[in-house]
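Visitor: Sequence:
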Amino acid sequence: MLINILTYLEQSAARCPQKNALLDERESITFSDLERFAKALGSSIMAAIPGVVRRPVAVLADRTAATVVSMLGVVYSGNFYVPVDNRLPRERLQLMLAKMQPALIVCAERDLPLLEEISGLPPCLVYERGIRSAANAEALAKARDLIIDTDPVYMIYTSGSTGTPKGIVVSHRSMIDLAEWLDETFAFAEDEILGNQTPFYFDASVKDVCICLKKGITMVIIPTKLFMFPLPLIDYLNTHRITTILWATSALVLVANSGVFAHKIPLYLRKVFFAGEAMLAKHLNIWRKYLPQALYVNLYGPTEVTVDCTYYVVDREFADDEPVPIGKACRNMEVFLLDEQNRLVTGEKQGEICVRGTGVALGYYREPEHTAEVFVQNPLHDNYRDPVYRTGDLARYNEHGELVFCGRKDQQIKYQGHRIELGEIELAAGGVPGVAACVCFYDQKREKIVLQYTGTADRRELAKNLGRKLPRYMLPHVLVRKQSFPYNANGKIDRIKIMELYDAENH
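In the numbering used here, the protein residues as written are 6 to 512.
Quick caveat, the hints were computed from the structure, so don't treat them as lab data. These numbers were taken from a predicted model, which means no experiment stands behind them. Mixed in with the good hints there might be a few duds.
[Stated by the list, open to error] Below are the DSBU-like pairs computed for lysine-lysine, each with C-alpha atoms no more than 35 Å apart in a straight line:
#1 K354 to K497
#2 K414 to K276
#3 K453 to K497
#4 K354 to K269
#5 K450 to K497
#6 K333 to K450
#7 K414 to K24
#8 K453 to K502
#9 K487 to K469
#10 K419 to K502
#11 K294 to K333
#12 K294 to K104
#13 K269 to K230
#14 K230 to K294
#15 K294 to K276
#16 K474 to K487
#17 K354 to K276
#18 K419 to K230
#19 K469 to K294
#20 K419 to K354
#21 K104 to K24
#22 K487 to K276
#23 K469 to K354
#24 K419 to K453
#25 K333 to K474
#26 K230 to K354
#27 K333 to K354
#28 K502 to K104
#29 K354 to K294
#30 K414 to K104
#31 K230 to K276
#32 K333 to K276
#33 K24 to K497
#34 K497 to K333
#35 K419 to K474
#36 K469 to K450
[What the hints assert, rightly or not] Estimated spans, in silico, between C-beta atoms of each pair:
#37 K502 to V379: 18 to 26 Å
#38 P170 to G56: 36 to 44 Å
#39 P128 to M504: 36 to 44 Å
#40 Q449 to V379: 18 to 26 Å
Backbone N, C-alpha and C define an ideal beta-carbon position, used for all residues, glycine too.
The task is simple: from the sequences and hints, build the whole structure.
Guide: Here it is as structure tokens:
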């Protein structure tokens with residue numbers, strides 16, 4: 006019986022000890038060393054906080070192999086890891102640590118000055134010292150025996166639409182289920198090489214970690230700076246013979262819009278997974294044109310359902326302005342749509358995406374009220390405890406019975422008696438030639454629908470195009486062309502920042 010995610014690491018270390026598990030700009034770490042370093046660090050953590058289990062341990066994270074070792078070391082100690090971006094502004098870092106109240110902080114030596122600026126912190130363990138300690142086999146065995154599969158393995162903070170960070174706690178069982186589903190569904194082979202793009206404080210990276218540990222696949226951590234320079238990025242993928250990527254949609258869009266494929270393509274790429282934001286077919290079509298043999302998979306799921314709850318394997322052609330479906334439920338998950346009266350939605354009507362199954366998280370850390378708002382009893386019955394997560398996302402079924410993402414409930418506005426989905430306006434605008442990316446929001450003070458976009462499209466041509474696609478009451482009142490959009494740490498367009506900038510410009 007598999008209880009602990011660390012079993013995958015130990016099996017891979019026994020099967021392929023000298024194979025590289027992790028590779029970054031500074032170093033490579035074999036599976037044998039990954040296990041050895043993680044056990045040494047776990048022993049150091051237990052020595053620093055004796056008797057402490059099932060508590061959050063913060064890991065100051067960057068895109069390095071050392072961050073992955075640190076996360077696994079925390080799990081060996083019987084606690085759960087909380088990756089925190091080491092580039093956060095001091096005030097934001099202080100807020101997150103105050104909310105979290107970690108038992109310990111693990112950081113690289115170079116990050117110590119950042120922590121020294123913050124008062125009232127728990128003990129800090131320096132990574133470089135921790136991995137040089139001897140592993141305590143007896144203490145490791147005791148910690149392992151205490152943990153069951155419903156205990157937390159990690160917590161990831163997400164700001165959501167409010168900007169207030171909430172810690173989402175995920176169990177070993179949920180992470181194991183994700184790893185099993187990924188492997189069974191997509192048949193990963195040990196000779197594949199995974200190109201990591203998502204930071205380890207973003208939940209999408211959990212997929213990369215799962216595949217690496219379970220299958221003994223090498224994870225190459227691609228330098229962040231390359232995502233601003235598509236030609237060197239493609240060179241890097243080819244140099245390292247990357248076969249598999251699980252990237253944020255925005256990263257694939259950047260490559261598609263750059264025109265780089267006309268000059269160079271990734272020669273070894275076989276599997277392309279994308280998630281995080283809706284993928285416009287026009288961007289996907291560029292990838293498919295130049296890499297027609299690759300497998301393309303659209304994944305959907307909030308952090309609260311252990312990364313993904315639906316998937317769609319791209320199996321047909323799409324017009325540039327068509328939505329790419331999010332597909333069907335992952336194995337061992339049920340996904341259904343509810344209307345505002347908590348009735349099941351069928352046909353092509355929109356409903357809120359609701360999820361039940363092993364992947365549903367344990368809730369928000371130390372926030373029982375917020376947890377109770379969205380982790381609810383299944384509204385369809387009250388016969389026994391049946392937890393459901395209400396995502397706040399809207400979807401509908403298409404003619405193939407596949408789910409199609411329609412936006413957020415909180416992006417739904419009432420205007421002149423009409424209910425309008427701002428996501429629908431974005432979808433229509435995104436399909437217009439020359440629009441690279443777009444964001445639609447409602448200026449409540451001025452009662453105007455605002456559409457901002459990047460790309461080469463002329464405003465008048467865009468307005469005409471939208472007039473052919475949307476009813477009059479849905480047409481944006483303000484069209485603004487931008488040079489670029491701000492992106493948050495998770496690689497998504499930062500809507501909060503965009504609206505703040507808009508307010509500042511129009512105060």
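Visitor: So, for every hint listed, does it hold in this structure?
Guide: Going down the list of hints, with the structure as the test:
1. K354 to K497: Holds: K354 and K497 sit about 27 Å apart, inside 35 Å.
2. K414 to K276: Status holds; Cα separation ~32 Å.
3. K453 to K497: 24 Å, holds
4. K354 to K269: Since the Cα atoms of K354 and K269 sit roughly 43 Å apart, the hinted pair is violated (cutoff 35 Å).
5. K450 to K497: 26 Å, holds
6. K333 to K450: Given pair K333, K450 is violated - Cα atoms ~39 Å apart, limit 35 Å.
7. K414 to K24: 46 Å, violated
8. K453 to K502: Cα-Cα ~18 Å, so holds.
9. K487 to K469: OK: K487 and K469 at ~19 Å, within 35 Å.
10. K419 to K502: 23 Å, holds
11. K294 to K333: It holds: about 25 Å lies between the C-alpha atoms, which stays within 35 Å.
12. K294 to K104: 47 Å, violated
13. K269 to K230: Between K269 and K230 the Cα gap is close to 19 Å, so the pair holds against 35 Å.
14. K230 to K294: Roughly 26 Å separates the two Cα atoms, so the pair holds.
15. K294 to K276: Holds, because 15 Å separates the two Cα atoms, which is no more than 35 Å.
16. K474 to K487: 22 Å, holds
17. K354 to K276: The given pair, whose Cα atoms are some 33 Å apart, holds under the 35 Å limit.
18. K419 to K230: Given pair K419, K230 is violated - Cα atoms ~42 Å apart, limit 35 Å.
19. K469 to K294: Holds, because 28 Å separates the two Cα atoms, which is no more than 35 Å.
20. K419 to K354: 18 Å, holds
21. K104 to K24: Violated, at about 39 Å.
22. K487 to K276: Between K487 and K276 the Cα gap is close to 33 Å, so the pair holds against 35 Å.
23. K469 to K354: Status holds; Cα separation ~28 Å.
24. K419 to K453: 12 Å, holds
25. K333 to K474: 27 Å, holds
26. K230 to K354: 42 Å, violated
27. K333 to K354: 17 Å, holds
28. K502 to K104: 23 Å, holds
29. K354 to K294: 33 Å, holds
30. K414 to K104: 27 Å, holds
31. K230 to K276: 23 Å, holds
32. K333 to K276: 19 Å, holds
33. K24 to K497: 33 Å, holds
34. K497 to K333: 23 Å, holds
35. K419 to K474: 20 Å, holds
36. K469 to K450: 26 Å, holds
37. K502 to V379: 18 to 26 Å: Distance hint for K502, V379 holds at roughly 24 Å.
38. P170 to G56: 36 to 44 Å: 28 Å, violated
39. P128 to M504: 36 to 44 Å: At roughly 40 Å between Cβ atoms, M504 and P128 fall inside 36 to 44 Å, so the hint holds.
40. Q449 to V379: 18 to 26 Å: 24 Å, holds
Of the numbered hints stated above, those contradicted by the structure are hints 4, 6, 7, 12, 18, 21, 26, 38, listed in ascending order.
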